[in-house]
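Taken in order, these protein sequences are the chains called U and G. Using our numbering, the first residue of the first sequence is number 1, and each one after it goes up by one. Using our numbering, the first residue of the second sequence is number 1, and each one after it goes up by one.
Check each hint, because a few of them may be wrong.
Stated by the list, open to error - Okay, the calculated beta carbon distance ranges per label pair:
#	chain 1	residue 1	chain 2	residue 2	range
1	G	E177	U	E371	18 to 26 Å
2	U	V188	G	N178	24 to 32 Å
3	U	P295	G	Q159	25 to 33 Å
What the hints assert, rightly or not - Non-contacting residues of chain U with respect to chain G, defined by C-beta distances greater than 10 Å in every case (computed):
#	residue
4	V193
5	P199
6	S202
7	F217
8	K220
9	T231
10	A246
11	T289
12	F349
13	S403
Stated by the list, open to error - Below, simulated DSS-like cross-link-like pairs (lysine-lysine); rule was C-alpha separation at most 27 Å, straight line:
#	chain 1	residue 1	chain 2	residue 2
14	G	K119	U	K241
15	G	K85	G	K110
16	U	K219	G	K148
Quick caveat, the hints were computed from the structure, so don't treat them as lab data. Owing to the predicted nature of the structure, the values given are computational and were not obtained by experimental measurement. Beta carbons are placed, not taken as given, at the ideal position from N, Cα and C, and that holds for glycine.
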Amino acid sequence: MKKIKDFTRIFVLWLSVMVPNMAHAALEIEISGGNAQQIPIAIVPFSQDTFKGHENIANIISADLRRSGLFRVLETGGVASRPTSISQVNFGDWTSLQAQALAVGKVEVLPGNRLKVSFQLADVLKQTHLTGMEYNITPSQLRLTSHKIADAIYQKLTGEAGIFASRIAYINKSGNRYALQVADVDGVNPQTVVSSNEPIISPAWSPDGAKVAYVSFEKKKPIIFVQSLMTGQRLTLASFKGNNSAPAWSPDGTKLAIVLTHSANSQLYTINADGSGLKQVTKSSAIDTEPTWSPDGKWIYFTSDRGGRPQIYKVSATGGEAQRVTFDGVNNLSPKLSPDGRSLAMIRFDGSKFKVALQDLASGQVQILSEGAQDESPSFAPNGRVLLYATRVGGRGALAAVSADGRVRQRLTQSGGDVREPAWGPMLN
Amino acid sequence: MNNVILSKKLLGALVLGMVLTACKSTPMTDKPAGIEDKSPSAAASQSTQSTDSSADTSGVKEVVIDSNATSGLSPLNDPNSILSKRNIYFDFDSDAVKAEFRPVIEAHAKYLLENGGAKVVLQGNADERGTREYNLSLGQRRAVSVKKSFNLLGVQDNQIETVSFGEEKATPNCDYENCHALNRRVDIVYGNE
């Protein structure tokens, strides 16, 4: 048996960053000064003491903030001073750079191979301290800690929860090999969870981020597995006659919605996370598939062609009559609810292209967020502000992300790889 | 009529070509399907449970799977027999079994009725347009459609399993209709073929 080691780095590629209108962002501090559209911020290189790690904290933070599209990260090379705490800051240095926010920090080596990372954030105009944090970590946690600092800055300056200390899962097809991989949300540190010479599809994170459910064709038919990321322990969740597919965790992590066929068409079921307690949720002669839960766990949204063409419906998680949710577009597929439960992401087929669309559930209004033509698998960031999805570039699968307001876009491609089926995981502790 | 026969021959040649291509591209291993277990103590365990002592919670333990593509030597594979025809093709957005495939289904139904121990898997496929899970369901619907044809000829469900590969085995990057058409297919596969 050959083990494929694929630690190829995902290259983050910027398609375009449209300047967002900050009016909607909860700017609780006056840092935008009224006119700036992106928050100008300076990140001073962290003093790394005697620690000779490979990671450059300031660079990781800068890349995170830049990628969000909400920040303009200023070049600090022309400033002579290198403060590591607010008390050392000469604010004049940074007002002349037109920075409105300033982050400083340092890494100290502690006994027992541990590190102390501290950072502080200042409002340059008011010359005040905004927030700060200290982390006592192992060297291997430095990258994650950098993402946490970026999250703290993002949260303080935009008023919304950050997303940088999270991971994504996706399928990477290379030659005849399929690998389910997880990577940091900036595409760095990809690790293979499971690889196979038969297809793997539909990865789904458990709400606590410890497990991934997925569909593997290793037995020449679709079977659902649940696998612990840390131990690699696999549970065969569903291996009934016919197909077993489309796993979706309930918000409390106790159950999954799945799709079984037995000897007929796809239908929705729920099953306990240990494989017990199978219950049928839909009973139609049509195709019912792609289940996803409402954040309160009461509803399961799904795709069905019971009305002729595939559209999105919802049904009580305990079963009963389904209600139709989408009416526009030729087809609507792959529903996903935002973390606040207010909007529905989906794939809309307009007759020629498959695109990511977002529907406001209260008003029914739909915004098309992607270009197509074969976009798939929308997945919300934990804060609901960004959507990750699969697209195609030059005949190969690639990942793309778009802000929920459609203004900021990014694309992740992997050299030589074919990447699909992305799923954004929960925030890391 | 001649055209029909000719097109059937062409189709057969195409199908054979596809099968050969598939064989070539499938790595053959001499071990049964299983998962590599990196812990030396675990024997034929189906899952890896070993973990190193790293306390890093972002760690990932990798599982490697190598399925075995066994090819059965069976009279069912005699190229001179209609039983060697295993592919049922469908029109776009359709699960209706076309009349031209009726002789193939009748021959396999007869074989299944005469060989009560034989089991067949009907593997549905779809072209790559649309979402993967929905295409899995579309392939399944086609497999179910073929199964119903078998049922009408007297074959019981206990000899048939309907499964779907969705678009996962589709020819990638089809840019013309005939290519998509080859992916809208149910394959008839016996036992452990």
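Hints and how they fare:
no., hint, in the structure
1, E177/G <-> E371/U: 18 to 26 Å, "23 Å, holds"
2, V188/U <-> N178/G: 24 to 32 Å, "43 Å, violated"
3, P295/U <-> Q159/G: 25 to 33 Å, "45 Å, violated"
4, V193, "6 Å, violated"
5, P199, "4 Å, violated"
6, S202, "6 Å, violated"
7, F217, "6 Å, violated"
8, K220, "7 Å, violated"
9, T231, "5 Å, violated"
10, A246, "5 Å, violated"
11, T289, "5 Å, violated"
12, F349, "7 Å, violated"
13, S403, "22 Å, holds"
14, K119/G <-> K241/U, "13 Å, holds"
15, K85/G <-> K110/G, "14 Å, holds"
16, K219/U <-> K148/G, "24 Å, holds"
Checked against the numbered hints above, the structure breaks hints 2, 3, 4, 5, 6, 7, 8, 9, 10, 11, 12 and satisfies the rest.
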